[in-house]
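Peer 1: Sequence:
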Amino acid sequence: CFLISIFHSRNLVNKSKNDRYIYGLRTLENLWVTYNITESLKNNVKRMRPYAFSAGISKKDDFRSFVSGHSSLTASLATSLWLSKPKNKVLPIIASALSISTAALRIKAGKHFTSDVLAGMAIGVGVSLLHQKISPVGR
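Converting from the sequence shown to our numbering requires adding 737 to each position, the first position being numbered 1.
One thing to keep in mind: the hints can contain errors.
Claimed, not checked - With a cut-off of at most 35 Å between alpha-carbon atoms, the simulated DSBU-like pairs for lysine-lysine come out as follows: (1) Lys848 - Lys783; (2) Lys826 - Lys870; (3) Lys796 - Lys845; (4) Lys824 - Lys870; (5) Lys783 - Lys870; (6) Lys848 - Lys870; (7) Lys797 - Lys845; (8) Lys848 - Lys797; (9) Lys822 - Lys845; (10) Lys848 - Lys822; (11) Lys845 - Lys783.
What the hints assert, rightly or not - Here are the in silico distance ranges between beta carbons for each label pair: (12) Lys783 - Val827: 36 to 46 Å; (13) Ser838 - Val874: 21 to 31 Å; (14) Ser852 - Ser791: 11 to 21 Å; (15) Asn773 - Asp798: 17 to 27 Å; (16) Ala846 - Glu776: 14 to 24 Å; (17) Ile831 - Asn773: 19 to 29 Å; (18) Lys796 - Lys824: 40 to 50 Å.
Hints were generated in silico from the structure; no laboratory data involved.
Glycine included, every Cβ here is placed at the ideal spot set by N, Cα and C.
Using the sequences provided together with the hints, build the complete structure.
Peer 2: Put into structure tokens, the structure is as follows:
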């Protein structure tokens, strides 16, 4: 995620160096807030993972299904990239595709239920949109 945000800052061609710094920092802030919300939910909800129903419960991680951290972070990154209004849309499109693919693969691997990844994506998108609404960049 961090490397994509660095590469993306170079994609902001019409932006000043200060704007690129602000968008990069904004992306990292969004990821940090998303991570903390996700971890708080995982530690308090303690939902059993799908594979644990059939395989038996053996580890602490078996109770950290809700919400998907992978889905929330990739959705936050993709949304942050779209909100930075890049001239070249290739990187945000790739990030969005990776976000959706990540969510699907987490379900297929038996790590999450569909509701886990949808909630994670909603948190990631929501954090990025709320941050932009509260503190707009590039007025």
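Peer 1: It remains to establish, for every hint, whether it holds in the given structure.
Peer 2: Hint by hint, here is what the structure shows:
Proposed proximity of Lys848 and Lys783 is supported: the alpha carbons are some 13 Å apart, at most 35 Å. For a cut-off of 35 Å, the pair hint linking Lys826 to Lys870 stands: about 22 Å separates their Cα positions. Distance hint between Lys796 and Lys845 is fulfilled; the C-alpha atoms sit about 20 Å from each other, no more than 35 Å. Between Lys824 and Lys870 the alpha-carbon distance is near 21 Å, which keeps this suggested pair within the 35 Å criterion.
With a C-alpha separation of about 31 Å, the suggested pairing of Lys783 with Lys870 holds against the 35 Å cut-off. Annotation: proposed proximity of Lys848 to Lys870 holds, straight-line Cα distance about 33 Å (limit 35 Å). Of the supplied pair hints, the one linking Lys797 and Lys845 holds, its CA atoms being roughly 21 Å apart against a limit of 35 Å. For a cut-off of 35 Å, the pair hint linking Lys848 to Lys797 stands: about 13 Å separates their Cα positions.
Only pairs whose Cα atoms come within 35 Å are accepted, and Lys822 paired with Lys845 is accepted, the gap being roughly 33 Å. For the hint pairing Lys848 with Lys822, the CA-to-CA distance comes to about 33 Å; that is within 35 Å, so the pair holds. Using a Cα cut-off of 35 Å, the hinted pair Lys845 and Lys783 holds, with the two alpha carbons roughly 20 Å apart. Take Lys783 and Val827: their Cβ atoms lie about 40 Å apart, and the range 36 to 46 Å holds.
Look at Ser838 against Val874: about 28 Å separates their beta carbons, and that is inside 21 to 31 Å. Distance hint check for Ser852 and Ser791: the Cβ-Cβ separation is about 19 Å, which falls inside the suggested range of 11 to 21 Å. In this structure the supplied range 17 to 27 Å holds for Asn773 paired with Asp798, their Cβ-Cβ distance being about 18 Å. Between Ala846 and Glu776 the C-beta distance comes to about 20 Å, which sits within the given range of 14 to 24 Å.
The hinted window of 19 to 29 Å between Ile831 and Asn773 holds, with their beta carbons roughly 26 Å apart. Range check, Lys796 to Lys824: Cβ separation about 46 Å, and the 40 to 50 Å hint holds.
Of the numbered hints stated above, none is contradicted by the structure.
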